[in-house]
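A.B. asks: Taken in order, these protein sequences are the chains called R and F.
Read in our numbering, the first sequence has 99 at position 99, and its numbers run on one by one without any break.
Read in our numbering, the second sequence has 1067 at position 67, and its numbers run on one by one without any break.
Worth flagging that the hints you see were computed from the coordinates, not collected in a lab.
Note that beta-carbon positions come from the ideal geometry of N, C-alpha and C, so glycine has one too.
Treat the hints with caution; some may be incorrect.
[To be verified] Using C-beta positions, here's what the derived DEER-type ranges look like:
(1) I1045/F / Q204/R: 16 to 24 Å
(2) A1049/F / R106/R: 36 to 44 Å
(3) I184/R / R1097/F: 25 to 33 Å
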Amino acid sequence: MDSQVIANDPEETHAGHEHSPHLVHHYATMDQQVESASFGMWIFLLTEIMFFGGMFMAYLLYRNWYYDAFVAGSNLLSIQFGTAMTTILIVSSFTVAMGVFCSETRNRKGLVVALSLTLVLGISFLCMKGTEWHGIYVEHHVPGPNFSIETFVHPTDARDITMSPDSAQHTQIFFFLYFALTGIHALHMIIGCSVLIFLLYRAQQGAYTDGNPTMIHNFGLYWHFVDIVWIFLFPLLYLISRHPLK
Amino acid sequence: MSTPTLHKHHIIQPRLYLTILIALLVLTATTTGVAFLDLGVLNPIVALAIACIKATLVILFFMHLRYSSKLLKLTLCAGLFTFTVLILLTLTDYMSRAWGLW
Chain R
1 MDSQVIANDP
11 EETHAGHEHS
21 PHLVHHYATM
31 DQQVESASFG
41 MWIFLLTEIM
51 FFGGMFMAYL
61 LYRNWYYDAF
71 VAGSNLLSIQ
81 FGTAMTTILI
91 VSSFTVAMGV
101 FCSETRNRKG
111 LVVALSLTLV
121 LGISFLCMKG
131 TEWHGIYVEH
141 HVPGPNFSIE
151 TFVHPTDARD
161 ITMSPDSAQH
171 TQIFFFLYFA
181 LTGIHALHMI
191 IGCSVLIFLL
201 YRAQQGAYTD
211 GNPTMIHNFG
221 LYWHFVDIVW
231 IFLFPLLYLI
241 SRHPLK
Chain F
1001 MSTPTLHKHH
1011 IIQPRLYLTI
1021 LIALLVLTAT
1031 TTGVAFLDLG
1041 VLNPIVALAI
1051 ACIKATLVIL
1061 FFMHLRYSSK
1071 LLKLTLCAGL
1081 FTFTVLILLT
1091 LTDYMSRAWG
1101 LW
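So that you can see chain F by itself, here it is in the shape it has in the complex (with noise of 0.2 Å):
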C-alpha cells in the first residue's frame, strides 16, 4: 500500500503578504469612505459585500487557505454552508411570524 501523499508545505512569500495587507487597508478606506455617501438600500449591501471580499482575503492568504489541502477547503464550506442552513432557517420563521411586516 502507497502512503498518502499529502500537499508539501508552502512558504508564503513577505511580498504576497503586504499586498494583501495593502489591499485590505485600500478596502477598509474604500467601505469608510462610501458609508459617508447617501446610497439608500445599497449602503449596506456595498459594506457587507466589501466586508466578505476582505474576509475572503484574510483567510486564502492570511489562514493559507489558498495553499491548504482540500480537506481544510472542505471543512471550512462546509462550516459556512451550515452557518447559512441555520440563519436561514432561523428567519424563515421570524418572517413568517409576521408575515408582510418585512
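Pulled out of the complex, with its shape left as it was, chain R reads as follows (with noise of 0.2 Å):
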C-alpha cells in the first residue's frame, strides 16, 4: 500500500529537498547514483583484469620456457606497426577523455565530435590489426596445421639465427599467445565500436548532454581500460625481445 503512495505521488515524497530528473527512486541522492554507476563498472573491469590476467600469466610461462621460440617470433612482428597502433589507441583514449569533458558541460556538438573521433580511430587500429593479421596468415604463422617452421629453420636473412625444427615448433605457442591476446582484445574492440555506434546516435539525440553523463562515463572507463591492455601488450608482443639474452 505504502509503496504505491510513493510511486503515485513522487512529489510529495520528496517534498522540501531539491531533486534531479535524473534520479532514480531507489537512490537517496544524485551522488550516490553516480557513484554506485562508478562502482558497478570498477568491478566489472576487476572481473576483466582476472579475465585478460590469465592469459598475461601463460605468456610469462611460456616465455621462459621457450625463450628463443619466443624471441624468433617476437622479432618477426613490425615495432614500427606496433608504434603506430599504440599512438592511435592513446589518442583514441584523449577523445573519449574529451567526450566525458564535453558531456559533463553539456556540449552536444563536442561530444558528438569527440565520440565521431574515438570511433574513426578506434576503426583505425581494427584495421591496422588486420593488416597485421594477414601478413602473418600469409607467412603460414598461424599455428595450427598450415603452420610452416620454414622461417625459423632456413632463414633468409642473415642476421636471423638457424633455429632446430623442434625448437622452432615452439614459435607456434608464441603465435597462439599473441592472436589469443591481440584476438581478445580486438574482440574487446569491436564491442567498444558497436557501443560508441549506440551512443554516438543517443548523443546526437541529446542525450548524456542533459545533465546525466553516466554512460559517456561508464563507456569511457571501458575504453581507457582496453588501451591499457594494449600499453601492456605492446611492450610484452613486439619490444622486450628484441635483444636476446645469450
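Hey, can you piece these two chains together into the complex? The hints should help.
C.D. replies: Pasting the structure below:
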C-alpha cells in the first residue's frame, strides 16, 4: 500500500528537497547514484583484469620455457606498426576523455565530434590489426596444420639465428598466445566500437548532455581499460625480445 | 541521522587531458627508442616499468581515479592485490616444480 503511494505521488514523498530529474527513486542522492554506477563499472573491469590476467600469466610462463622461440616469433612483428597502433589507441583514449568533458559541460556538438573521432581511431586500430594478422597468415605463421617453420629453420636474412626444427615448432606457442591476446583485445575493441555507434546515435539526439553523463563516464572507463591492456601488450609482444640474452 | 557526504563530482579540464596525452606519447616514443638499445636484462624491465607508468597515468587522470572516492580507489587496489596474489601463487607452483631451472 505504502509503495503505491510513493509511486503515485513522487512530489509529495520527496517534498522539501531539491531533486534531479535523472535521480532514480531507489537512490538517496545524485552523488550516490553516480558513485554506484562507477563502482559497478570498476567491479566489472576487475573481472576483466582477471580474464586477461590468465593469458598474461601463460605468456610469462611460456616465454621463460621457450625463450628462443618467443624471441624468434616476436622479432617477426614490426615495431613501427606496433608503435603506430599504440599511438592511435592513446589518442583515442584522449578523445574519449574529451567526450567525458563535453558531456559534463553539456556540449552536445563537442560530444558528437569526440565520439566520432574515437570511432574513427578505433576502426583504424582494427584495420591495422587486421593488416598485421593478414601478414602473419600469408607467412603461414598461424598456429595449426598450415604452420610453417621454414622462416626459423632456414632464415633468409643473415642476421636471423637458425633454429632446430624442434625449437622452431615452439614458435607456434608464441603465435597462439599472440592471436589469443590480440584477438580478445580486438574483440573488446569491436564491442567498444559497436557501443560507440549506439552512443553516437543517442548523443546526436541530445542524450548524455542533459546533465546525466553516467553512460559516457562508464563507456570511457571501458575504453581506457582496453587501452591499458594494449599498453602492456605492446612491450610484451613487440619490444622486450629485440636483444635476446645469450 | 545525517546523510553520508560524498565527493562532489570533479570536472577535469581539457588542459590536463592534453598534458597527459603528451606525456603518454612521449613515454611511447621513449619505450620504442629504448627497445633498439641493448640493455641486456634491463630491456624488459624498462619496457614494463614505462608501461606501468603509462597505465598509472591513464587510471589516475583519464579514468578520474585521482578524483574519485576512497571506495573506488580501494576497489582497484583490492583487485590488483588479488591479481598479484594469483600470479605469485601460480608462479610459486611452476617454479617449485622445476626447481633450479628458473
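A.B. asks: Decide, hint by hint, whether the structure agrees.
C.D. replies: Going down the list of hints, with the structure as the test:
For I1045/F paired with Q204/R, a C-beta distance near 47 Å fails the hint of 16 to 24 Å. At about 40 Å, the CB distance of A1049/F to R106/R agrees with the hint of 36 to 44 Å. Remark: the range hint 25 to 33 Å for I184/R to R1097/F is upheld by a beta-carbon distance near 28 Å.
Consistency note: the structure conflicts with earlier hint 1 alone.
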